[in-house]
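Trainee: Produce the complete structure using the sequences and hints provided.
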Amino acid sequence: MTNFAGGYAGRILYVDLTDGSIEKRPFDRDFALRYVGGRGISSRILYDELEPGMDSFSPDNRLILATGPLNGTPTPSASRLVVASKSPLTGGLGDASAGGYWAPELKYAGFDAIVVRGRSPEPVYLWIEDGEVRIRPGKHLWGQRIHDTSQLLKEEIGDDDIHVCAIGPGGENLVRYACVVTDEEGVAGRCGIGAVMGSKRLKAVVVRGTLDVGIADPARFKQAVDAYRETLVGEVWTDVLRKLGTPNLVAHRQKLGIWGAKNFQKATIEGWEKISGETFRERFLIKAMGCMGCMVRCRRYSAIQEGPLSPTFTKGPEYDTINALGAKTYVIDPAIILRAHHLCDEYGIDEQTAGSSIAMAMELYERGLLKKEETDGIDLTFGNGEALLHFIEKIPFRKGLGDLLAEGTKIMGERLGAGYYAIHVKGLEVDASDPRSLVTRALTYSVATRGSCHLRGFPYIDEFIKPEEAEAHFGTASVSRLDAIEGKGRMVAWSENWITIANLLGLCIFAWYRSRSFPMLIRRGQELASETFSAATGLPMTGEKLLRCGERVYNLEKLFNLREGFGRASDYPPLRFFEEPLSDGPGKGAKLSRDDYDRLLDEYYEARGWDKETGVPTPDKLKSLDLL
Amino acid sequence: MAKQRIGYFEDSQDPEAMCSRCRMCELICAFHHHQVGNPRRGRIRVIVLGRGEDIPVTCLNCEDPPCLKICPTGALHRLQPEGMVTVNPDSCIGCAMCVNVCPVGAVTIDPVEGTASKCDLCQGDPQCVLYCPAKVLRLTDTEHQAHFRRKGYARSLIAATQDR
Amino acid sequence: MKEDVRIFFRPERCVGCLSCLLACQMEALGASEIEGVPVGVKPDERMMVTYHQGTPWLWKCQQCASAPCAEACISGSLRQEPGGVSYDPKRCVGCGSCSLVCPFGMIRPLEGQDRMTKCNLCREEAVPPCVRACVTKALVLENSARFAQTKRKAFALESRRQRGFRDDQP
Numbered sequence: 001m002t003n004f005a006g007g008y009a010g011r012i013l014y015v016d017l018t019d020g021s022i023e024k025r026p027f028d029r030d031f032a033l034r035y036v037g038g039r040g041i042s043s044r045i046l047y048d049e050l051e052p053g054m055d056s057f058s059p060d061n062r063l064i065l066a067t068g069p070l071n072g073t074p075t076p077s078a079s080r081l082v083v084a085s086k087s088p089l090t091g092g093l094g095d096a097s098a099g100g101y102w103a104p105e106l107k108y109a110g111f112d113a114i115v116v117r118g119r120s121p122e123p124v125y126l127w128i129e130d131g132e133v134r135i136r137p138g139k140h141l142w143g144q145r146i147h148d149t150s151q152l153l154k155e156e157i158g159d160d161d162i163h164v165c166a167i168g169p170g171g172e173n174l175v176r177y178a179c180v181v182t183d184e185e186g187v188a189g190r191c192g193i194g195a196v197m198g199s200k201r202l203k204a205v206v207v208r209g210t211l212d213v214g215i216a217d218p219a220r221f222k223q224a225v226d227a228y229r230e231t232l233v234g235e236v237w238t239d240v241l242r243k244l245g246t247p248n249l250v251a252h253r254q255k256l257g258i259w260g261a262k263n264f265q266k267a268t269i270e271g272w273e274k275i276s277g278e279t280f281r282e283r284f285l286i287k288a289m290g291c292m293g294c295m296v297r298c299r300r301y302s303a304i305q306e307g308p309l310s311p312t313f314t315k316g317p318e319y320d321t322i323n324a325l326g327a328k329t330y331v332i333d334p335a336i337i338l339r340a341h342h343l344c345d346e347y348g349i350d351e352q353t354a355g356s357s358i359a360m361a362m363e364l365y366e367r368g369l370l371k372k373e374e375t376d377g378i379d380l381t382f383g384n385g386e387a388l389l390h391f392i393e394k395i396p397f398r399k400g401l402g403d404l405l406a407e408g409t410k411i412m413g414e415r416l417g418a419g420y421y422a423i424h425v426k427g428l429e430v431d432a433s434d435p436r437s438l439v440t441r442a443l444t445y446s447v448a449t450r451g452s453c454h455l456r457g458f459p460y461i462d463e464f465i466k467p468e469e470a471e472a473h474f475g476t477a478s479v480s481r482l483d484a485i486e487g488k489g490r491m492v493a494w495s496e497n498w499i500t501i502a503n504l505l506g507l508c509i510f511a512w513y514r515s516r517s518f519p520m521l522i523r524r525g526q527e528l529a530s531e532t533f534s535a536a537t538g539l540p541m542t543g544e545k546l547l548r549c550g551e552r553v554y555n556l557e558k559l560f561n562l563r564e565g566f567g568r569a570s571d572y573p574p575l576r577f578f579e580e581p582l583s584d585g586p587g588k589g590a591k592l593s594r595d596d597y598d599r600l601l602d603e604y605y606e607a608r609g610w611d612k613e614t615g616v617p618t619p620d621k622l623k624s625l626d627l628l
Numbered sequence: 629m630a631k632q633r634i635g636y637f638e639d640s641q642d643p644e645a646m647c648s649r650c651r652m653c654e655l656i657c658a659f660h661h662h663q664v665g666n667p668r669r670g671r672i673r674v675i676v677l678g679r680g681e682d683i684p685v686t687c688l689n690c691e692d693p694p695c696l697k698i699c700p701t702g703a704l705h706r707l708q709p710e711g712m713v714t715v716n717p718d719s720c721i722g723c724a725m726c727v728n729v730c731p732v733g734a735v736t737i738d739p740v741e742g743t744a745s746k747c748d749l750c751q752g753d754p755q756c757v758l759y760c761p762a763k764v765l766r767l768t769d770t771e772h773q774a775h776f777r778r779k780g781y782a783r784s785l786i787a788a789t790q791d792r
Numbered sequence: 793m794k795e796d797v798r799i800f801f802r803p804e805r806c807v808g809c810l811s812c813l814l815a816c817q818m819e820a821l822g823a824s825e826i827e828g829v830p831v832g833v834k835p836d837e838r839m840m841v842t843y844h845q846g847t848p849w850l851w852k853c854q855q856c857a858s859a860p861c862a863e864a865c866i867s868g869s870l871r872q873e874p875g876g877v878s879y880d881p882k883r884c885v886g887c888g889s890c891s892l893v894c895p896f897g898m899i900r901p902l903e904g905q906d907r908m909t910k911c912n913l914c915r916e917e918a919v920p921p922c923v924r925a926c927v928t929k930a931l932v933l934e935n936s937a938r939f940a941q942t943k944r945k946a947f948a949l950e951s952r953r954q955r956g957f958r959d960d961q962p
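Top line first, the protein sequences correspond to chains A, B and C.
Each residue of the first sequence is one higher than the last, beginning at 1 in my numbering.
Each residue of the second sequence is one higher than the last, beginning at 629 in my numbering.
Each residue of the third sequence is one higher than the last, beginning at 793 in my numbering.
Check the hints yourself; a few may be wrong.
What the hints assert, rightly or not - Below, in silico cross-link-like pairs of lysine-lysine (DSSO-like), each with a Cα-Cα straight-line distance of 27 Å or less:
no. : chain 1 : residue 1 : chain 2 : residue 2
1   : B       : K763      : A       : K243
2   : A       : K222      : A       : K545
3   : B       : K763      : A       : K222
4   : C       : K945      : A       : K315
5   : C       : K945      : A       : K154
6   : C       : K834      : B       : K697
7   : A       : K274      : A       : K262
8   : A       : K139      : A       : K154
9   : A       : K545      : A       : K621
10  : B       : K779      : A       : K243
11  : A       : K262      : A       : K591
12  : A       : K399      : A       : K139
13  : C       : K929      : A       : K154
14  : B       : K779      : B       : K763
15  : B       : K763      : A       : K315
16  : C       : K943      : B       : K631
17  : B       : K763      : C       : K945
What the hints assert, rightly or not - Short derived list, chain C residues pointing at chain B, Cβ under 10 Å:
no. : residue
18  : D796
19  : Q855
20  : S869
21  : Q872
22  : A937
23  : K943
24  : A946
25  : F947
26  : A948
27  : R952
By construction, these hints were calculated from the structure, which means they are not laboratory data.
Keep in mind the model is a prediction, meaning the values are calculated, not measured.
Backbone N, C-alpha and C define an ideal beta-carbon position, used for all residues, glycine too.
Mentor: Take a look at the structure:
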């Protein structure tokens, strides 16, 4: 069935929901060697098939679900699915990823990716089993939450050994940051891809696959995988993530004073221990869980089993949960945070943007820019946990203030004349931490091709790279100094190409990028990754070529955004970070300097081979990447 | 030596010592036996019960195995009296009588080979045990498993008396 | 998948009512009602029920995945498919090689005709009449992987109870 010796299924499924047509399009090894998979497939197709300026809810927008060649193999943590479309939240390139079991299952069902276009006249779901594709009526599922949707589908199909990727009421009601949820718990959260799915009236994509994912050279593959696993065993991050999950970062944020608390007005949190990784583990953790083939097991499975919010059983929380629903809104109550998180997953809305939007509304309320009549009669102050839960229930249905909150902070800012308090880049809310004390972090978030994102690049290199390594790799030892600026533009650019590799292969970055050793980033991230790829697919690949693929895909995404009107001005962090110094904590008084940022951005554009004024990749750069 | 099998040993008090549903056992089993990525061709399967309960299930190497007794061709056999029941793929006709009678569903018909497929303890070096990150799969036998349960029970008895 | 199914027999549910056998025979005779059963005509023996110390056992073609009958067939009328063994009566020459190698003896000669007969899962029907007739669901038409999975799940549920998980935990 496949024209590849292994890894790839070799086919992309095209579904048109307007006319119900189904097409299974093969791709060749040339395409595979240039774009690899995951974001490579989605960004290439989005660039080729979308008209610039189109509305994200237009039937002509594509919804793409893309896997990588290593999904479905025993490669460590090869569990990630990429979902992509033109984002209704930003109007630019949108993508998100989710772990779990869905991406491998799509491979077992015989496809590398799905491209959905058009709009169904009635709600439907896709049922894909071993290469067979059916569009089935889904009206009875419309309106259901994520768990109930899964249950109904399992009953209807008569098998609970299936994997469901669905939207909740949030996606159905076109909440601009609605998310896509796989297997009830793996959330592809950001950029509102779930709303695009809802606009197509596609409720779910269900897969079951019993076919093989081939492995071209099993002996070589086993060696590569075993070597890969060995690098993870001694890794300190493996242990930390297993014990506390991503919430381990709570203590770190407090220590450095880099919270974005109270909509980025406060950098430290009083009583932060109540929402630390340790607290969540003690009070709510049932089990550490792992995605497909994962030895890290950073996923949490938690439960509230007593008190007014019980029973709540949910995957999570993540650090980002605590940040968005706890720090930004200043609701320092772990049970409320967990409950709010669960509701976001059940209704299918991105908790990060939800938390950011509510936090922004809280600041506007406290400043008198939003009145009580406008906030559903609620005293919408920071710390009001009841209000948080109230609006999480309203947003998915666009009820009351929920209708405005469902638009995200950028549009909220436009409608209320309060753009200053909308903390986003390109329309995607700033997650992670406050970058005011570290301009390199600000750069990383702001140039990310999907909007503000801390996962598009890997700036933490400057926390552990040795001076001689920095000199050798980035041309200056100053890259090894946390507070230095010189060379950081090059560093961020390199790290973006490098991180993209994981998103092309289908690998989880937590079992791939975490290290305190720069040589390990090269060894695991490039050498072992390319070795595993070659062994699985039978295609020639090197660490350098993989990096080049990452750079190619990144440039393609930049072109997409440029076409949509995102120029140099969109690569800047929010005004607040330049205007207001940090009010408290170890970084008190710090704010971004325009000169520093401009210098850094200049260096970044130069390192990328992009025009300094416009950010447009030069023809030479595009030629060198075979994009021209 | 008692008949060995793969046993699931968890500590429900330790969040890291329970099956994490990573399904690495399924993946490595299928890879070891068939050199492909396909967990459904693994001879161990993680059963998802919901509410965070996941339990790997595989052959129990019964003392009095229904599969072995019902096999019309003798393909299911033991090489040694205390060994693991294994399939001789050359004499297996894929009649699925073993599938029919196995009480725990540990035997299936491999979709590619067309013969019965079950745990064979990887000739004494079980890969699932090696690759399980939570270390909850162990090569065991009934005596060892009973001992483990007795220990756990004894612990809970002590804990109960200490609470008073 | 859909084609890759066979009939599984669960003896613990069988009460020996023989409704399955009756349904099979009526199907073979082309009769949809008892009154329509022709007199004096012997139906195809595609199914047999025997008793052993009081326990019934249902015999039928097992739809083997590596079938000896398909290998033995000299005319090509018996063919190995993913879902079992297909049978083309037009090609059958009645040599009986298949019945010699079938360990279950469930390829049987047709009375008065130079060919064999066996269970073919009544693929024209949505559900085979025997499965439909069985009141206790002792007969299950299922894919072997799903059949095994159901048992694994039941076993996992049982072993979970033994570990002291409360059933009333939501």
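Trainee: None of the hints should be skipped; say for each whether it holds.
Mentor: Verification of the hints:
no., hint, in the structure
1, K763(B) - K243(A), "holds, 15 Å"
2, K222(A) - K545(A), "holds, 22 Å"
3, K763(B) - K222(A), "holds, 20 Å"
4, K945(C) - K315(A), "holds, 22 Å"
5, K945(C) - K154(A), "holds, 15 Å"
6, K834(C) - K697(B), "violated, 34 Å"
7, K274(A) - K262(A), "holds, 17 Å"
8, K139(A) - K154(A), "holds, 16 Å"
9, K545(A) - K621(A), "holds, 16 Å"
10, K779(B) - K243(A), "holds, 25 Å"
11, K262(A) - K591(A), "holds, 17 Å"
12, K399(A) - K139(A), "holds, 22 Å"
13, K929(C) - K154(A), "holds, 21 Å"
14, K779(B) - K763(B), "holds, 18 Å"
15, K763(B) - K315(A), "holds, 22 Å"
16, K943(C) - K631(B), "holds, 22 Å"
17, K763(B) - K945(C), "holds, 22 Å"
18, D796, "holds, 7 Å"
19, Q855, "holds, 8 Å"
20, S869, "violated, 18 Å"
21, Q872, "holds, 8 Å"
22, A937, "holds, 6 Å"
23, K943, "holds, 3 Å"
24, A946, "holds, 8 Å"
25, F947, "holds, 4 Å"
26, A948, "holds, 4 Å"
27, R952, "holds, 6 Å"
Hints 6 and 20 from the list above are not met by this structure, while the remaining hints are.
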